[in-house]
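Let the sequences and hints guide you as you build the complete structure.
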Amino acid sequence: MEQKDTTLLEIHDLSVSFRMYEHGLKQTDLQVISELHLTVSRGEIVAVAGSSGSGKSLLASAILGILPENATVRGHIHYQGEELTAARQEQLRGTEIALVPQSVSFLDPLMKIGAQLDGHRRPRQTEKRKNLLRRFGLPEKTPQLYPFQLSGGMARRVLVSTALITDAQLLIADEPTPGMSLEQALEALRLFREMADEGKAVILITHDIDLAIAFADRVAVFYAGTTVETAPASDFQNGSKALRHPYTKALWNALPQNGFQPIEGFQPYAGALPNGCLFAPRCPYKTRQCMENNPPIREVRGGEVRCWQFEHPCDEREVYHGT
Amino acid sequence: MALEAKNVYFRYNKKQPWVLEDCTLHVEKGECLAIFAPSGYGKTTLAMLLSGYHKPTKGQILLENNPLPQNGICPVRLIYQHPEKAVNPCWQMRRVLEESGTLREELLDALGIEPAWLNRFAHELSGGELQRFCVARALLSGADYLICDEISTMLDVITQAQLWNVVLSEAAKRSMGVVAITHNRHLAERIATRVVDLPNMDK
Amino acid sequence: MKKHKTAPNRRTKLVIWTSIMALALIAVYILGIFIPDTAVFSSFLNAKQPPSFKHLFGTDALGRDIFLRTLKGMAVSMTVGIAASLISAVIAIIVGIAAATGSKAADAFVNWLIDLVMSVPHTILIILISFALGRGLKGLLIGIAATHWCSLARLIRGEVLQLRAQHYIAVSRRLGKSHGWILTHHLLPHLIPQFFVGLVLMLPHAILHEASISFLGFGLSPEQPAIGIILSESMRYLSAGMWWQAVLPGLVLVLMVLLVEQTGEHLQTILNPYSVQQ
Chain A
339 MEQKDTTLLE IHDLSVSFRM YEHGLKQTDL QVISELHLTV SRGEIVAVAG
389 SSGSGKSLLA SAILGILPEN ATVRGHIHYQ GEELTAARQE QLRGTEIALV
439 PQSVSFLDPL MKIGAQLDGH RRPRQTEKRK NLLRRFGLPE KTPQLYPFQL
489 SGGMARRVLV STALITDAQL LIADEPTPGM SLEQALEALR LFREMADEGK
539 AVILITHDID LAIAFADRVA VFYAGTTVET APASDFQNGS KALRHPYTKA
589 LWNALPQNGF QPIEGFQPYA GALPNGCLFA PRCPYKTRQC MENNPPIREV
639 RGGEVRCWQF EHPCDEREVY HGT
Chain B
7 MALEAKNVYF RYNKKQPWVL EDCTLHVEKG ECLAIFAPSG YGKTTLAMLL
57 SGYHKPTKGQ ILLENNPLPQ NGICPVRLIY QHPEKAVNPC WQMRRVLEES
107 GTLREELLDA LGIEPAWLNR FAHELSGGEL QRFCVARALL SGADYLICDE
157 ISTMLDVITQ AQLWNVVLSE AAKRSMGVVA ITHNRHLAER IATRVVDLPN
207 MDK
Chain C
206 MKKHKTAPNR RTKLVIWTSI MALALIAVYI LGIFIPDTAV FSSFLNAKQP
256 PSFKHLFGTD ALGRDIFLRT LKGMAVSMTV GIAASLISAV IAIIVGIAAA
306 TGSKAADAFV NWLIDLVMSV PHTILIILIS FALGRGLKGL LIGIAATHWC
356 SLARLIRGEV LQLRAQHYIA VSRRLGKSHG WILTHHLLPH LIPQFFVGLV
406 LMLPHAILHE ASISFLGFGL SPEQPAIGII LSESMRYLSA GMWWQAVLPG
456 LVLVLMVLLV EQTGEHLQTI LNPYSVQQ
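Protein chains in written order, with the working numbering: chain A, 339 to 661; chain B, 7 to 209; chain C, 206 to 483.
Simulated from the structure, these hints should not be mistaken for lab results. For glycine and all other residues, C-beta sits at the position ideal for the given N, C-alpha and C. Check each hint, because a few of them may be wrong.
[Unchecked claim] Non-contacting residues of chain B with respect to chain C, defined by C-beta distances greater than 10 Å in every case (computed):
{"#": "1", "residue": "68"}
{"#": "2", "residue": "86"}
{"#": "3", "residue": "105"}
{"#": "4", "residue": "109"}
{"#": "5", "residue": "200"}
[Said to hold, decoys possible] Keeping only pairs whose Cα atoms sit at most 25 Å apart, straight-line, the calculated PhoX-like set for lysine-lysine is:
{"#": "6", "chain 1": "C", "residue 1": "309", "chain 2": "B", "residue 2": "21"}
{"#": "7", "chain 1": "B", "residue 1": "91", "chain 2": "B", "residue 2": "12"}
{"#": "8", "chain 1": "B", "residue 1": "20", "chain 2": "C", "residue 2": "309"}
{"#": "9", "chain 1": "B", "residue 1": "61", "chain 2": "C", "residue 2": "309"}
{"#": "10", "chain 1": "C", "residue 1": "382", "chain 2": "B", "residue 2": "61"}
So, in structure tokens, the structure goes:
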């Protein structure tokens, strides 16, 4: 879509698996992310949307290189055209790539907010900090407080501020808005947009598809540990026909403001993933090919989709309405 | 025949500000009332008050014109936002359900609970599946009112639609009163017979 | 799901190690119990012999084999230790639950009591209790049991407080379940691993205390082959150059205590849900 040189982050065939104890002493590898593709360009907000517990947060950890020890990562992550190695991850973490963590427990309970805002270094221009705190409606004395003195919503806003105060080129926001009031959430999203407009990029990880559609430029739909479709957010406004993957269409149809019609079945568990296409067991259009091989990623109408059926004019058909 | 909140005030202790001020609402049997509010408006507190988990600091919660029973089985059931916290992690799901009453095949079928899940533990099920168990547990001992506190917030929209279809049809069958607390206006409008805005309610 | 066949993983190794250590402990214990009293006979012909193949640890002033006496002594010390720890752990469970579920006054009282017991050196407290109860097995047991429950009780109290805040306990209450029902069905099963780990970690302290109190002469009577008695007797002959009567039983005591301690720590790692994936 955009020219190559604006690409900031490129993820190819990323798989993450965990070595787990099953029962007793048996160990198995649990694949949580499989063959994930995602490109993020400068100047855009990309939302990664999927249900909670489906491994979205692990994507953030994989990019930052902060996965736990029993995790194995395969595939490639390129940042500014160069392979993102463990050493480079460590170097860029917190400076070039910033994270808004999901949980308030990421704040160090024994350190004052001020020190945490500045990232453990000598205080930088306080003008920026003051400005940020003001925009978030945080009291001016916030930097002098300890985390336990903050309310849940304040802590959330502090978390977002810690990431925004850096000069990071890439911001990964993992469920940043729950716990904030509507105005605060909007302010956070507005700040993300400003960042994007400055030529930086934001990955917004969320389970809230409405939020994703409303604030992102592109939405990557996350299903069973992979992105099945990456579509411009506007496609979601134009209805299920503008969308590509059967799962995305099913999502659209299940939205309360649309059909509220669910398809049957459940997302497969990590560890019990089907062979072939991950959506095949629930897909109304599945063929033998879908059951046997996982489809490659394909560019279709300005978006990316992972579906065998796509050559056939599936978008002309009505999407199956389950009971 | 109604569940009512009459001028309810709530705060955790005297030093803290009111979480909920002068809240009045009622829900009839057989209707689904959606309470719409963005985060930070004391939604969860209201849910806890309506189902008797907290006592109001001032005001009353009335069930059929009587105060909520403090002991014994409470006919108002709360379903939490996080089902994984509402289930004992050491118990098989069968035992979780049996805590509430004898299993009824037809109810499990209606909720789409597969028999194999009964032998699993909470960590072996997904959020959507667990939430069905929480609904089943609430229904098994014969509740009259169901308070649903953001029960589908953590689920994907397909599971959300599945869950709500099940809840609403079961509630209709038993002519139960449902209070759905949500921050999603579209969802509120889709499922409810009546929508109340929490921020405006006390004005 | 891919399965890997590799060398035994960390958890397997840990379990194997713990089993070996537990087996060694049980072996010493059983040996000590089954050695008949007649095996430890006095014989002035054999008195004061240094370690040899015939008498691994040498013999004492009365010509008794010190190795056999040490084994018997360990068994006695472990019996006392296990019994005292068991009583202590049960006290801890009851007190911990009472503090966490009872009134605020009860909680404050229990906390005060824990602070009180912990602030007095255990050895002195055990000596006092044992002395007051006429020494011997009974005094020693009660003395050790009465002093070792504090830290486990505090742990259990915290655990119960945390459990009581869980949603599923609140749900259970609204489903009309009684406090007793919730206690036995929801709370106690969660506390069983804590109980056992606490018990095993308490054991080395109890054994050491038994040995030291007997050594000081406030515990078991001198006729019993307790390890403390052996060590205490050895003091009389130390200046005569009979080092083996003190050093070798002492080493065995240290070794056994370390073994129990390690077993307890491993058990904790195995049973603790948070370290499951390490």
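When the structure is checked against the list of hints, which entries are broken? Sort them ascending.
2, 3, 7
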